[in-house]
Every structure is written in structure tokens, then in C-alpha cells.
Amino acid sequence: MKAHWIDWIWHVRGSLPLAPGQSGEEAFGRLDPLFRQGGTTRSRIGDTLTFTKKDQAAQDSMSVFDGGVLQIRDGVVGPVLHYRLASRALLFCFLAPLLFLAFAQLTVALGRWEKPAAQAAGAHKQQKKLVELPQNPIDKMLGSPAPEKPKPDGKDGEDDKKKASPTSAYVFAAMFAVLYVVGRVLEGRLVRSLFRKELLGTGDQPPMALAG
Amino acid sequence: MEAVRVGKRLIGAQAPVTVGWENIPRVEGGPLKRFVFTWFQPTMLFALILFWYYVPNSIAKTSTAVGIGIGFKVLLLGLEWVNPRHRSWRLTWKELVTDLFYVGLGYTLVRLVNGYIGSGVMTKAVQHAFDWDKFTWFMGMPLLVQAFLISFIFDFGQYWMHRGMHNWYPLWLPHSVHHYITQLNINKGAVGNPVEIFLIGLGVGGFFDFLPRAALLAGAIGMAVSTYQHINVRFNTPRWWRFVFNTTEHHSVHHSQDFEASRSNYSGTYIFIDRMFGTCVDGEAELLGMEGGRRMSIREQMTYPFTEGWKAIKDRFSRPAEVMPAE
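Protein chains in written order, with the working numbering: chain A, 1 to 212; chain B, 1 to 327.
Be aware that one or more of the hints could be misleading.
[To be verified] Stretch by stretch, here's where chain B covers chain A in the computed footprint (C-beta under 8 Å, at least three residues):
1. 91-105
2. 180-188
3. 191-198
[Unchecked claim] Partial selection, computed: residues in chain A whose CB lies under 7 Å from chain B:
4. Thr52
5. Asp55
6. Gln59
7. Val64
8. Gly67
9. Glu132
10. Ile138
11. Phe172
12. Ala174
[As the list claims (entries may be wrong)] The following residues of chain A were derived to be distant from chain B, with all beta-carbon distances above 12 Å:
13. Asp47
14. Gly75
15. Arg88
16. Pro134
What the hints contain is simulated information worked out from the structure, not anything from laboratory work. Please read these numbers as outputs of a predicted model, since none were measured by experiment. Idealized CB from N, CA, C, for every residue including glycine.
Make a model of the complete structure from these sequences and hints.
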């Protein structure tokens, strides 16, 4: 199976026509500040720019990408910037639901394994002393509800069941699945808008922490 | 770089740190915005205390607390959007996903491990080993006193565990990776190696028997104060609050790239513990992290304490024996 059947998962591709009259040289010049960031290496051969990022700062506007290729080719109406960017964060987010589903399965398996031991210990729990809980007169006067009497039928057992619940793992698996879809769409749009702004020369100033 | 002397130490010699409340910016904007961001923190704290004090027993449950905790965090994420403290700390998709991964680990894997060897098990073991019936008087104290004592004892233990992490290399290794964060956002408190998350969770809050409602109140106080350690929101925090409680400002100093500044403000909730032991620095910092702000990947966060620990052990045992100089 060729990689490009699945590499859309962590690759963002796109193209942008250059401004009328803008040369490839000028375009790369305008995009250059994006690749002059900590942890970024870049090399340019002719009309192709290749970059890689390692341990890039969270404040880097292309932080989500770890590498990529930008190329300027002639289109029907003029030069066009084509880009193909790779993101380990996108791949990670795509795989994260599987990891959390595995955690859920592990929780279920441990719960099953523990059940016989819990049942054996059940008899001991019945012997637990049932002392009525006190309430301070100040709290009584201020109207706080009186503490409930402890239930004799093993409330601890319910707590144990809760502890072994795989629900939170399922919730996180779903959350990462949604986040992947959001990220795959959002990051593609954001980087396109970033390139467009830089090419037109209307890009934002870097945040203070980076400028310093 | 101009450093400021605080007690015996020089703060801000390696990276910029603003020292002193008078030098910290205030909330900017219209009267409504300034009103909201001045009164939000105390209002939430007192509202939560009142809620847990008066709520009927049928609602006073851990599941309610978990629900409120999640709702509170979502609300604070909204505030980060409305009134960010620093533009450089803005939450991106990648940062959100990374942070949520650690939050997810806390709710699943770490919780699973904690069920076997965590603080709850340790507390039960200690309670079984002694005749704790002698301490049932604790339950007879006013609820708020119980709640304060539970949270204070826990925070006191956490203060020393945290200070220990900054002073003893084997404990520093699992904690160090948390200091590679370069911005503060709501879920950044969860970022770190799971070993550290487990260690910091070990506290001595519950050796006494206490009323369930007192524990819920203690949890609410902790949540309504310590959540602000990691947040990108500018508040006009009241004077009395920042004297008693930890704030974003204090914790940003703790995460500063300046080494001396990072060795301050160890408590999670009660900053007066730092004041008691001379480790409090009132101020704030924007440039955070280690190694000049290098962002550490999740993979490295998971392995770093072990690889660095292995290197340290190898260095120690492979040192050549000292050669005596020839006479």
C-alpha cells in the first residue's frame, strides 16, 4: 500500500496563487520569517523550500507542523505556491482514541480479574462499625444538612465499582476523535490564511515572548 | 539583565521577571470588564463554599464535584479567550490536544495505578494500622474548620514534596519535565510525567476521619484557588487573596526561565506557606520554560526522567578511581 493513501491523516496540502506580479523569489522572501524560528532548519533549491522543525516553541505560528515542502510552479494564470506539510500532532490525535480505547479495555479486564477477590472480601465489610456521624452545633445553627447515617449495605463496594469504570477512557477517546476532525480542518485553514497574509505582507507581529 | 534582590536572592538575572505587585499590569477595558475580572475569583470561591455547605445530602456527592470541576474549567477556558494575560500564551489546537492528553492520562491510567498504590491505599493502610477512633473528635469540629484543615494539611505536605522535587535530583527528574511548558493554560497543571503526577498526588490530607461534606468543601476550596496557578487570564486579584492564596502571578514566577525565580512559590493553594518559609516571590513572568524555552514533546516527557536518571547513574558508577599523585 502506498503511503499517500493514508498520509492525508497527518499531511496538509494546498495551493495559493501569488499576488499579481509577484515573483517566486519575492514570495519566498516574504515567507522567510516563518522559517526563521527556534528549532527550524530550512533549505532552498531553486523553486523548492524544504523545512523541518524540532522541539518548536508553542508560540511558533507553524508549531503544529514538523516538516514540509513549499514549491512555486507556474499555473494557468501565473505562479502558484504549492505546499505539503506534515504534522505529528495530527497523527497523534488521530491515534489517541485507540490508546484510550485500550485503556478502557484494560480497566474492564482488571475489573473482571478483581471481582472474585472483592466478593471474598465482602463478608468483612459487613463487620464494619456503623457509628452515627456527629454534627457541630455551629453547623446545625447555620442550617447545614445533618450528615447522613452510613449505609450498612457496603457503600464502599459502589465506590470500587466507580473506580474501575472505563467511562472516562471512552469519553476521552470520543473527545480526541472530535478534536482530530476539528484540527484537520482548522489547521489547514489557518496555515493557508497565514501564508496568504505573509505573501500579501499583512502578517501579524510575533507575540512579545518571541520578539524578546 | 537587571535583577531584583528579594531577601537573599537575586531574581531575574537570567530571564525577565517582574517583581512587586505595583509593577504588574491591571485589567484593561470598560467598567463591566474590569468589574468582572476583579470580582470573579472571590465570588466563585464564596459561591462554591455556600453551595457545598448547604446542598442537600442527595446532591453532595463526588460525581457532583467532578461535574462542577469540568464546568468550571470550561468556563475558565472561555475567560482565556475573552481576556488573555499574554498573547504569547494563547491556547492553540496543538497545545489543547497535548494538555488534554495529560488530563486524559490522569483520569484513566494514573487513576488506575492510584487505585493500587496511590495515596488512598496508603491512607487506608495507615488508618488500619492505628486506633484512629481516638481521632473521631475531628469530625465534631465545624465543617469549615475541618475543610480548611484538610486542605491546609494536604497543601503543607505538597509544599514540602514540591520543594523536595526542586532540591533533590531523583525527585527533580520526574518533576523537571513539567517545567518545560512555555505558557500557562487551564489544563497545563496536568502536563508532566505520570510518575510526577502520581508523586504530587501523594498527600497527607486524610489520615483523620472527617465528614464527607468537609472533604467536598476542601476540594472546592482547592479547585477555586489552585486552578488559577495555570491560566492565561488577567485578573485584578484582591490584595488579601494574593497574600493568602497562590495566584497565576506567583506560579508564573515559579515557571520562569530564571533559575532563582523558579525556586520559589512551591505551594499549590496557600501561598502563606511560602511566606512562612521564606520562599515566596510576589511578581510575574511571561518567558517560561527550561533550556531557553525548548518545548518538550510528549514522547520525551514520558522518557526523559528515566533516560536522564540512567545517565546520572552511569556517570556516578563509571567515574574512574581517583589516581593518587606520585610522590
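Each hint tested on the structure:
no.: 1; hint: 91-105; result: holds (count 6)
no.: 2; hint: 180-188; result: holds (count 4)
no.: 3; hint: 191-198; result: violated (count 0)
no.: 4; hint: Thr52; result: violated, 14 Å
no.: 5; hint: Asp55; result: holds, 5 Å
no.: 6; hint: Gln59; result: holds, 5 Å
no.: 7; hint: Val64; result: holds, 5 Å
no.: 8; hint: Gly67; result: violated, 14 Å
no.: 9; hint: Glu132; result: violated, 10 Å
no.: 10; hint: Ile138; result: holds, 5 Å
no.: 11; hint: Phe172; result: holds, 4 Å
no.: 12; hint: Ala174; result: violated, 11 Å
no.: 13; hint: Asp47; result: holds, 29 Å
no.: 14; hint: Gly75; result: holds, 30 Å
no.: 15; hint: Arg88; result: violated, 8 Å
no.: 16; hint: Pro134; result: violated, 5 Å
Violated hints, listed in ascending order, are 3, 4, 8, 9, 12, 15, 16; each of the other numbered hints is respected by the structure.
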